[in-house]
Amino acid sequence: MNIRIPRPVNRSLDAAARHPQATLGVTGAAFFAITATTVLTSPLAAWITGAAFVVYMAAVGHILRVAQLRSRLRQTEYDLAAERAEVARLRTGDASAPTVQLRSIGEAGESL
Numbered sequence: 089m090n091i092r093i094p095r096p097v098n099r100s101l102d103a104a105a106r107h108p109q110a111t112l113g114v115t116g117a118a119f120f121a122i123t124a125t126t127v128l129t130s131p132l133a134a135w136i137t138g139a140a141f142v143v144y145m146a147a148v149g150h151i152l153r154v155a156q157l158r159s160r161l162r163q164t165e166y167d168l169a170a171e172r173a174e175v176a177r178l179r180t181g182d183a184s185a186p187t188v189q190l191r192s193i194g195e196a197g198e199s200l
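One point on numbering: in the working numbering, the residue at position 40 of the sequence shown is 128, and numbering is uninterrupted.
Simulated from the structure, these hints should not be mistaken for lab results.
All the given hints hold, so there is nothing to weed out.
Between beta-carbon pairs, the in silico distance windows are:
1) A117 <-> V97: 14 to 24 angstroms
2) L132 <-> R106: 36 to 46 angstroms
3) V175 <-> L112: 38 to 48 angstroms
4) L161 <-> A118: 25 to 35 angstroms
5) A139 <-> L112: 14 to 24 angstroms
6) R177 <-> P96: 45 to 55 angstroms
7) P186 <-> A155: 49 to 59 angstroms
8) T125 <-> R162: 36 to 46 angstroms
9) A118 <-> R95: 20 to 30 angstroms
10) A169 <-> A117: 39 to 49 angstroms
The beta-carbon is built from N, C-alpha and C at its ideal position, and this holds for glycine as well.
Given these sequences and hints, build the entire structure.
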């Protein structure tokens with residue numbers, strides 16, 4: 089199934105993904121405006137809207153924190169794998185390096 093997203097909507101989604109804090113701030117301001125309007129009209133609706141706002145902000149904050157931690161974990165695992173590969177490469181040595189031939193002491197004599 090192919091779904092075509094209109095270009096302005098796609099640009100908006102891309103901008104929101106690139107700037108999550110700004111998106112969170114704008115969304116928070118919108119919820120605050122809705123809550124303020126609701127307070128003036130109905131106290132019960134204000135409590136419900138306020139609770140929804142708090143739950144939403146907590147969920148978005150948690151999702152952003154988890155995404156940040158996963159990104160750090162991926163980077164750490166990548167760095168660790170690179171270091172392990174480097175250690176393994178250094179342990180094996182250089183196969184193309186010339187070998188050293190050891191002579192017995194009797195061939196060249198002992199120098200004191």
